[in-house]
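Trainee: Using the sequences and the accompanying hints, generate a full structural model.
Chains as they are written, first to last, in the working numbering: chain A, 1 to 266; chain B, 1 to 257.
Keep in mind that the hints are not guaranteed to be accurate.
The calculated lysine-lysine pairs, modelled on DSSO-like cross-linking and capped at a C-alpha distance of 27 Å, are [as the list claims (entries may be wrong)]:
#	chain 1	residue 1	chain 2	residue 2
1	A	Lys103	A	Lys171
2	B	Lys9	A	Lys103
3	A	Lys183	A	Lys103
4	A	Lys171	A	Lys183
5	A	Lys164	A	Lys183
6	A	Lys103	A	Lys59
7	A	Lys164	B	Lys9
8	A	Lys171	B	Lys175
Note that these hints are calculated values from the structure, not bench results.
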Amino acid sequence: MAETGRLRLSAAAPLGLPLRPVTVLRIAIIVAVVVIWEAVSASGWLYRDVVPSLAAIGKALYVTLSDPTFYFHLGTTAYEIAIAMVIGGLSGLAVGILLGGSKFMSRAYEAYLYYLGPCPKIIFFPIMIMWFGVGPGSKVAMGAISCFFPVALNVAGGMREIDKVLIRVGKSFRANTWQMVTKIYLPAMRHPVINGVRLGLGVALIGTLLAETKLSNRGIGFLVIQAYSIFNMPQMYALLIILFVIAIGANTLIDRLGGLHDIKRS
Amino acid sequence: MSAAAALAKNRYFPTAVGIGSFVAFIALVELLIRVGVINRFIVPMPSDIIAAFPRVIVEEHVLQRFLLTAGEALSASILVTIFGVGGGVLLYRYHLLRLATETWVAAVAAAPLVLMYPLYLVIFGRSALTIVMMGFSAGLAPIVLKTLEGLSATRRVLINVGRSFNLTPSQQFWKILFPAALPTIFVGLRLGLIFALINIVGVEFLINFGGLGQLINELAERYDLAGTYAAICFVILVSICVFILMERLERWLRPVD
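Mentor: In structure tokens form, the structure reads like this:
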């Protein structure tokens with residue numbers, strides 16, 4: 001069935017259609033969504049402004065992006081996430097190497113990471129507030145905790161998959177621990193590490209921004225919750241669009257820079 | 001072989017070391033708090049946290065809260081299973097639709113959807129519906145993608161066997177495609193349900209509504225330190241139990257290689 005569909009699609013191209021059927025369908029879906037959105041917006045079926053018109057969202061997007069204070073908040077969030085990535089990423093890397101390098105350590109401790117990893121991290125926020133205060137410290141801590149688990153688990157998994165020959169080569173050259181990490185382990189497991197960083201960035205972003213929505217007076221998360229409290233729906237949509245573009249863009253960028261895209265295809 | 005080497009090779013020794021070092025860490029924290037190195041108004045004594053468990057369970061109606069969260073999770077799971085598996089089947093059935101939208105679904109899977117909770121609050125109100133819909137949104141994309149992956153990976157020979165028996169499209173789906181794709185679909189269900197659960201507890205905490213997530217928020221706002229830590233430990237234990245259960249179910253469904 002899928003095969004016949006594929007044959008029909010490939011047959012459509014030489015007929016001289018200006019656009020491929022896939023592109024036509026994509027455009028049709030987008031147009032349908034826009035039409036339905038505008039119809040719902042104009043109908044008043046939902047509460048006023050819950051579904052603002054696309055023009056209002058576009059205007060809010062323009063206003064937000066041309067407002068200098070937005071960049072202050074964006075800078076704050078970016079700073080918090082960057083620090084969180086450094087702390088969570090490096091500690092995850094160290095723990096991952098430790099667990100992946102020793103069968104004993106892995107059997108003793110990895111289960112804790114494995115099961116704590118998928119727990120909802122935001123529930124640790126009250127503890128982080130007590131430990132690091134209500135300022136950026138607690139948001140950085142939330143991001144670091146979120147980032148730590150995927151990096152540690154990916155690195156540990158990557159360590160176990162390193163070709164034993166490479167490790168023996170390093171040992172035969174009498175490389176010390178630092179040299180083994182920098183010359184053998186990290187280059188050999190760069191793909192799992194980058195995948196861990198990619199996953200870690202995604203969850204660090206969520207952890208930091210959720211913490212900002214809960215208790216903060218700066219950052220993009222604060223702007224989102226402020227837009228909610230003053231019921232500025234176009235601005236909320238605009239901020240969510242910006243956030244999604246940044247998150248998906250960062251995800252894709254790491255994917256491509258790390259060569260993960262090629263691995264998946266090969 | 002020396003006694004130490006024999007011990008290291010023992011199957012249960014690493015697990016015992018893991019549990020032992022965890023207990024030792026707890027004892028060390030208790031000691032440091034008692035001697036005043038760690039401020040007891042920031043980190044409560046582990047013994048106080050353990051003592052707070054019965055109080056939190058009885059006075060804070062943990063069972064009712066657990067059932068409320070479980071009910072929300074169950075509702076989201078049913079929704080996400082119906083729409084996720086249905087969406088995956090739809091994309092498999094209509095190849096053009098798959099080509100047009102699969103990358104969009106993958107982008108949605110990578111998007112931080114939980115940040116939309118203020119929007120859901122406006123649309124659905126501060127109610128259980130917001131929490132259920134948030135869980136549903138978070139779990140949908142992985143199930144769609146895994147269902148599609150499972151159906152697409154059905155071995156050609158199995159499909160041909162179905163054709164040779166002149167099965168109708170419905171029989172072909174229920175007798176061949178669906179059973180063959182079930183293990184992969186269940187991987188997607190496990191991922192989707194875990195995402196849903198994480199988001200449900202998280203949003204309960206953030207909007208201070210519902211079951212276990214709200215309990216943590218309430219205790220923290222009362223500055224009941226031992227209670228807050230006990231509630232967090234309880235939520236972690238519940239999460240771990242759910243993950244183990246899902247994992248066992250997935251293993252049970254996975255065919256033997």
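Trainee: Look at each hint and say if it fits the structure.
Mentor: Evaluated hints:
1. Among the hinted pairs, lysine 103 of chain A with lysine 171 of chain A is consistent with the structure: their alpha-carbon atoms are about 18 Å apart, no more than 27 Å.
2. Our distance criterion of 27 Å between C-alpha atoms is met by lysine 9 of chain B and lysine 103 of chain A, whose separation comes to about 10 Å.
3. As the CA atoms of lysine 183 of chain A and lysine 103 of chain A are separated by approximately 21 Å, the hinted pair is consistent with the 27 Å bound.
4. As the CA atoms of lysine 171 of chain A and lysine 183 of chain A are separated by approximately 11 Å, the hinted pair is consistent with the 27 Å bound.
5. A C-alpha spacing of about 14 Å is found between lysine 164 of chain A and lysine 183 of chain A, which places the hinted pair at or below 27 Å, so the restraint holds.
6. With a C-alpha separation of about 57 Å, the suggested pair lysine 103 of chain A and lysine 59 of chain A falls outside the 27 Å cut-off, and the hint is violated.
7. At most 27 Å may separate the alpha-carbon atoms for a hinted pair to count; lysine 164 of chain A and lysine 9 of chain B meet this at roughly 21 Å.
8. Distance restraint check for lysine 171 of chain A and lysine 175 of chain B: the Cα-Cα separation of roughly 55 Å exceeds the 27 Å cut-off, and the hinted pair is therefore not satisfied.
Of the hints listed earlier, those the structure fails to meet are numbers 6, 8, in rising order.
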